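Engineer: For the record, the sequence lines run as chains E, V and W.
Going letter by letter, the first sequence gives residues 1 to 298 in this note's numbering.
Going letter by letter, the second sequence gives residues 1 to 274 in this note's numbering.
Going letter by letter, the third sequence gives residues 1 to 422 in this note's numbering.
The reader is advised that the hints may include incorrect statements.
[Said to hold, decoys possible] Straight-line alpha carbon distances no greater than 25 angstroms define the calculated DMTMM-like cross-link-like pairs of lysine to aspartate or glutamate that follow:
#, chain 1, residue 1, chain 2, residue 2
1, W, Lys401, E, Asp155
2, W, Lys406, E, Asp66
3, E, Lys61, W, Asp409
4, W, Lys79, E, Asp233
5, E, Lys293, V, Glu165
6, W, Lys125, W, Asp373
7, W, Lys239, E, Asp155
8, W, Lys79, V, Asp218
9, V, Lys3, E, Glu191
10, W, Lys239, E, Asp133
11, V, Lys131, E, Asp35
12, E, Lys61, V, Glu165
13, E, Lys9, V, Glu165
14, V, Lys219, W, Glu50
15, E, Lys9, V, Asp173
16, E, Lys74, E, Glu191
17, W, Lys62, V, Asp218
Note that these hints are calculated values from the structure, not bench results.
Keep in mind the model is a prediction, meaning the values are calculated, not measured.
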Amino acid sequence: MMIKKPTLKSTLIGFLYLAPMLLILLVFNIFPILDSFAMSFFTKYNFYTNQIGQIGLGNFKTLFSDPNFWLALKNTLIFVIGVVPISICLSLGIALLLNHIRFLAGFFKTVYFLPFVTSTVAISLVWQWIYNDQYGLLNLFLRHLGIGPINWLNDPKWAMPALIIMTIWKGLGFNIILFLAGLSNIDQRYERVAQIDGANKWQTFRYIIFPLLSPMTFLVTVMSIISGFKVFDEVFVLFGGSPGPGQATLTLVFYLYQKFYTEWQYGLAAASGVVLFFLILIVTVINYLYSRKHIYYV
Amino acid sequence: MDKQKISRLLEYLILIFGGILMLIPFLWMLDTALKSGSEAMTIPPVIIPKKLQWMNFVLAWHAAPFLRYFINSVIVTVITTCGQLLTTILAAYAFAKLEFYGKKIVFMICLTTMMVPGEMLIIPNFITLSKFHMINTYYALIIPWLASFFAVFTLRQTFMSIPDEIYYSAKIDGAGDWYFLWHMLVPLAKPTIIALAALEIINSWNSFMWPLIVTNSDKMRTLPVGLSNFTTDAGTQFQLLMAASTIIIIPMLLVYIFLQKYIIAGVSRSGLKG
Amino acid sequence: MKRIKLVQYFLAVLAVSLIVTLGGASTNVQAASTKKTKISLWTGLTGVYEKNLQKITNGFNKSQNKYHVVLTSQGTYDKMNQKVMAAAKSNNLPVLGMALYTSLPDYKHNGFIQSLDPLYKSMPKKNVKDIYASFRDGSKVDGNYYSVPLSKSVRILYYNKDILKKYNLAVPKTWNQLRADGQKLKEHQIYAYGFDQSFQMEWEGMLHAAGVTPISGKKVAVNSQPSIKAANFVLDMVKNGTAKSAGSDVYWTQSFVNGQSAFYIGSSAAVASIKEAAKKSFNWGAAVVPSYEGKSGTEVAGNDLVLFKGASKAEKSGAYKYLKYLLKPNVTAKWAEATGYLPVSKKAVASKSFQQFLKDNPYDQAAVDSLPDSFSQKAFVGFNQYYTDSNTAFDSMLNKKTPAKKALDNLAKQTKTTLAGN
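Please put together the full structure from these sequences, using the hints given.
Structural biologist: So this is what it looks like as structure tokens:
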């Protein structure tokens, strides 16, 4: 760091730089968070008149005794574990390849970015066709491999894998663009020096590129985990507004959405939001602590 | 030499295979956009429509005031993206290169804003904006999105990986923080900034729920809202929905193709160091 | 220097955009300045439905010199619901809005809506009685009117004429016949009965025929003997491969037009989408739903218009005028002809233009024929919760093979908790 010790003056300058962002975040993010934190403790609460009957842990008690909440928690964890590692490995690999090639590089970059550009609604309808059990493209392909028709969207066993595949597909472009930006921020001379020193490709990647890319990898990981925990739109459109067959894709945010918008159980919805919040927070802090030892800033 | 050629070939094969997987759903979308209503519903699906229904694009375009939506989308996207980049660059600089009291705490608090699902924010933010009498104005569509901590976080990571020595050499030349940020750091971090711009443009362009909630008239609505015209409670007009979705994507593709060459401009080429 | 240019360019773009925004925002304020009292109406209608209501509303607006109804589509129903919630919380509700009739008790309970008794009282009694009884039932909460029926549909039976002809079958009059047809069609790998994502509405129809009200007052009968029996009737057909759910397709429409089933019980509003999806060579028809245990029942679905709280006196009287206009036989008939929804009154159905319409569009006859046996679902405070719970129950019967008794017992338990909590 450039200025080793904070002073009053440097603090003033620091906050001046932060002010525009902080103002917006305070009003449109932090205030609503505090608001829903408070709401999670209101029981016998009238959302519309703001009359609070009681303050207590009732909502959390109800929440923790609801089997659907635990199902949602389980499904969300499976989803995150299913999506994040594959998505990061794939996008890192593709980003490296895209960064490496010259011929048609622009074309390929556009192709891989395409899914991210497309609206979720339209593309989810397309995936419904791909996943169709009788005539879907995926089953057509699998039949050639001798794997017999899977009812992707209506079999509770396969609904989650179907959701995971589509999410990975849709999210790749986002991660790739971040990795590409990260790669292009790396001074190419490091790479050349390594190659002159006789390092092979793997060694160059392992000891030069990967450490230099670690700040971006950390960021992509954190982002993927957070957005994985928050998955909702994909479920909603892929399964026609339902939480999947046999609630196989009932995720935490879907649960929250149901409680809030369909069932009007505001306190309970807020409580599930708070639980989700702390869950993500804990995972992110673990991630952060781990990364502090492993991230390499120049 | 041969070994290198083979690995090149392999690289392209992998990219082509993956590229096909990326393209298939998209091609299907285009294909459906050119089908007739009954062809779009036929089982097993018709791959090549008997007659290409270019009219679908015209029908879709006229199903809603798309021209007005288009203008609104452009306005909202441009301002949101520029404004967000500005707040992002300033904040990322503070987090990456300045030392001040409370930095870690503020950073953590800001980080928590990413941990709340958007579904939780809709109603409180609607209420806030209605208190400011901003419902059904561009302000409501723009202001809440003028800051994104994800963008700040990303840019901070990039700023942090730019060596401090540059700062010292700038100091010797008599440059202050402000000058250093805009004339050295920002150009160096251009790939990331452009990438963030691309992501925000797309986010803003595709945003659906928020514009629908905070606007009350067609005058203020944006393109994705128009997509809901093809879904009713009795079914979906697939061919028109796909045609409209295709129309909406095209400007984004053009923007991306234009921007992507900046995303690859590397550090060593900017010739600042050494 | 290149870099300075980038920054300047960037700032210039920002400045220009800000000016554009301010300009745009101020034009918006001007738009609202008309002398007539503005009656805002939020709908959950999209596409052609929205356009047709706009047409009808234009007709009203032209006839008025004091009021002007402004329609806004809020997307599909679930989006509209979110918006109403946000608007209710911040006192931004419009004058009129669309609502599922099953959410009226919850709307009333939370103070969203005003009683429409004055409207109905100001109408001649015979005009009120002319509205179909099932629609009127749906408009009432605890005996008071809270809505005016608008986009109404019932469940009807669609049949594939080609399949009937090929296998020498008739349109089933009873559920038992439908089941028997299933056995005949099974060997040809055609389902007899296709339904939407869930068969809940058909189940409710069967219960109505059997004289059971799932929930009335604090009495919960979702797990009564007849309820379980009716659920098992359909579940057994699913099990032996003669009935099928549309699953994540939500509607069975696509499978029906592709000849996967001989019969489809769905919304009468689906006539339009079947027409659009069907190939020219596809022969089909529509009839009333089969009877169950000797009696018939077909459930009414759809949206009503409600008067939100906070409307001024002028807005209220304008809203009354508009609602009365919509209830006029010729207007409701016109609306029905354009959309495929049902006319709300007997006079409208009897009107010349609608009878001519039925002659030209025989598919729509079935829905009209169903009206005498139609019924509205009994809603209650907390219906929103029941809605999720019952969806889950039917989903688990269909997709997790949960026995009907177990799923419905659980639903009964949840419903009792819901009723006790409100």
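Engineer: If a hint holds in the structure, say so; if it does not, say that too.
Structural biologist: Here's how the hints hold up against the structure:
1. W/Lys401 <-> E/Asp155: The hint holds at about 11 angstroms.
2. W/Lys406 <-> E/Asp66: Cα-Cα ~17 angstroms, so holds.
3. E/Lys61 <-> W/Asp409: holds (23 angstroms)
4. W/Lys79 <-> E/Asp233: Distance ~13 angstroms between W/Lys79 and E/Asp233 Cα, so the pair holds.
5. E/Lys293 <-> V/Glu165: Given that 25 angstroms is the threshold and the Cα spacing comes to 23 angstroms, the pair holds.
6. W/Lys125 <-> W/Asp373: holds (23 angstroms)
7. W/Lys239 <-> E/Asp155: holds (15 angstroms)
8. W/Lys79 <-> V/Asp218: holds (16 angstroms)
9. V/Lys3 <-> E/Glu191: Cα-Cα ~20 angstroms, so holds.
10. W/Lys239 <-> E/Asp133: Distance ~18 angstroms between W/Lys239 and E/Asp133 Cα, so the pair holds.
11. V/Lys131 <-> E/Asp35: holds (16 angstroms)
12. E/Lys61 <-> V/Glu165: violated (55 angstroms)
13. E/Lys9 <-> V/Glu165: holds (23 angstroms)
14. V/Lys219 <-> W/Glu50: Between V/Lys219 and W/Glu50 the Cα gap is close to 16 angstroms, so the pair holds against 25 angstroms.
15. E/Lys9 <-> V/Asp173: holds (22 angstroms)
16. E/Lys74 <-> E/Glu191: violated (43 angstroms)
17. W/Lys62 <-> V/Asp218: holds (21 angstroms)
Violated hints for the displayed structure, listed by number in ascending order: 12, 16.
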